[in-house]
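Trainee: For reference, the chains in residue letters:
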Amino acid sequence: MTHDELRESLAAYALNAASPEDAREVEAHLETCEECQRDLKVLREVTADLASGVGMVNPPAALRARVLSAIQPQARPAIPRAGTLGLALAAALALILAGISFSLNQRLAAVNQRLVALNDRLATQEQVLVLLASPTTKTAALSGSVQAKVRFVYDPERKQGALVVSDLGDPGAEFVYQLWLIAGQEPQSAGVFRPVLGRPIIVPVAADFGRYQAVAISVERGPSGSPRPTTKPILVGTI
Amino acid sequence: MRTPDEQSLLARTARGDTRAFEALYDLYNRSIYSLAVGILGDRETAQEVTQEVFLGIWRGAHDFDPRRGDPRAWILSLAHHKSVDAVRRRRLRTAEPLNETMTDPTDVAGQALRAVESARVRDALSTLSEGQREAIALAYYGGYTQQQIAERLGVPLGTVKTRMRDGMLRLRGQLGSVAETDR
Chain X
78 MTHDELRESL AAYALNAASP EDAREVEAHL ETCEECQRDL KVLREVTADL
128 ASGVGMVNPP AALRARVLSA IQPQARPAIP RAGTLGLALA AALALILAGI
178 SFSLNQRLAA VNQRLVALND RLATQEQVLV LLASPTTKTA ALSGSVQAKV
228 RFVYDPERKQ GALVVSDLGD PGAEFVYQLW LIAGQEPQSA GVFRPVLGRP
278 IIVPVAADFG RYQAVAISVE RGPSGSPRPT TKPILVGTI
Chain U
624 MRTPDEQSLL ARTARGDTRA FEALYDLYNR SIYSLAVGIL GDRETAQEVT
674 QEVFLGIWRG AHDFDPRRGD PRAWILSLAH HKSVDAVRRR RLRTAEPLNE
724 TMTDPTDVAG QALRAVESAR VRDALSTLSE GQREAIALAY YGGYTQQQIA
774 ERLGVPLGTV KTRMRDGMLR LRGQLGSVAE TDR
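Line by line, the protein sequences give chains X and U. What the first sequence shows, in our numbering, is residues 78 to 316, in sequence order. What the second sequence shows, in our numbering, is residues 624 to 806, in sequence order.
If you are wondering where the hints come from, they were derived from the structure by calculation, not from laboratory data. Hints are supplied without guarantee of correctness; some may be wrong.
Among chain U residues calculated to face chain X with C-beta under 10 Å, some are [stated by the list, open to error]:
(1) Y648
(2) D649
(3) L650
(4) F677
(5) R691
(6) R743
(7) S752
(8) G754
(9) Y763
(10) Q769
(11) R786
(12) L794
Glycine included, every Cβ here is placed at the ideal spot set by N, Cα and C.
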C-alpha cells in the first residue's frame, strides 16, 4: 500500500478493525512515518474518548489481588519442617535453618526448572534459525478473523517446519489452539498450543509438506485438542 | 497534567516496579473493566479480559511509545484490543455465522451503541452521518472487523475505511481534547 492508502487505513487500525495484513503493513509503515504517527495519536485520543463513553462499573474488589498476584515472581512457600529437639533454643535454630534451607531448595528447584524450560525454548529457537538459513525454506503468513502475528516457516526438502506465533490472545481457560495441516479435505493435527503473554510461541512440525496445501489454526477444547477441527479456523495460510 | 505522571508510572512499571503498577491498576481498573463489560456484556469474561490487559501492561510497558499517544490512550487501546479479541473468540466458539445472524445492520449498530451512556459521547456520535456512525459503532463497541462491517452494510471495503476515518476526525472536532470528565 502507498502512504495515502495506509493513511486511509489508520482509522480502522485505531479501531482494532483492520485486517491482520493491513495491520501489519500499517505497523511497518508507522516505524518510519512521522505524519502517520501523529495521525494515530489523534485517532487514539478519539478511541480513548469512545472508551470513556461506556457506562462505568466497578470490578469486584478481589480482582485487584488476583492481578497483583499474577505479576509477583512466585510467592515463596513458608512451610518450615519442625525438628523435635529437646532444647527450645536448638529447636528454634533448627527450625530457622530448616526454613532457610527449605526455601533455598525450593528456589533452586524453581531456578532449575526455569533453566530446563529456557533450554528447551532455546533448542526450538535454534531449529527455527536453522530453518531460516536454508535456501529451500519457505514462509506462509496466516490470516483470518483475529489479529495476530502468525507465520509458518517450512523446508519441504528437510521436511521440517515451525509455526511462529506472537500476539495471539488467550483462547479461554478450557481451550487451546490447534494447528492443522490440510491435504484436500483432510485436516491432520500438528499439535496444540496456548499463547504466553509477551513471548512468541514456536510449534515445531515435521511433515512431508509437499502433501499439504494449507495450514490452519482453530480453537479446540483443552488440554489435548480434538481429532478433527470442531470450529471454523481462525487463521489459515496456504503452503 | 496527568500525562507526564502516568508516563513515569509506565516507565517504572517497565523496570519491574510493582508499586507503580499498583498505582496504574488503581487509576485504570474501572475504565478497563467498564469497557470490557460494555463490549462483552458479560462480567465474568470482562474480569478475565481486565486481568489480561493488566498483564499486557506489566509485560508490555516498555513497548509504550509516547509518539503514538499518551499513556491513557495506549492503555485504553490495549483494553479495547483485548476486549474485541475476546468477543471475536466467543463468536467463533459459539459458531455464530457472522454475516447471517442479524440481517438489519442498523439493529446491530444500535445494539452496539447501547453500551454508550455518556451524553457527551452520545451527542458527538449523533453528529455523524448514519454510515459513519454505523461503521464506528460496529467496529469499536461491536468488535467487528472492517471486512465484516463491509459485508454487513453491503458496501465496498474502501467505503468502510473512509467512513471510519471521516467519522473519527469529525468526532475529534466534537469531543475536543481529552476532557476532564470520567476517564
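Trainee: Would you mind marking each hint as holding or not holding in the structure?
Mentor: Evaluated hints:
1. Y648: 6 Å, holds
2. D649: Cβ of D649 (chain U) sits 8 Å from chain X, so the hint holds.
3. L650: Hint violated; L650 (chain U) Cβ to chain X Cβ min 12 Å, cut 10 Å.
4. F677: 5 Å, holds
5. R691: Check passed: Cβ of R691 (chain U) comes within 5 Å of chain X, closer than 10 Å.
6. R743: Holds, because the Cβ-Cβ distance from R743 (chain U) to chain X comes to roughly 7 Å (cut-off 10 Å).
7. S752: Given a least distance of 15 Å, the restraint on S752 (chain U) is violated.
8. G754: The hint is violated - G754 (chain U) has no Cβ within 10 Å of chain X, the shortest such distance being about 14 Å.
9. Y763: 5 Å, holds
10. Q769: At 5 Å from the nearest chain X Cβ, Q769 (chain U) passes the 10 Å test, so the hint holds.
11. R786: 9 Å, holds
12. L794: 5 Å, holds
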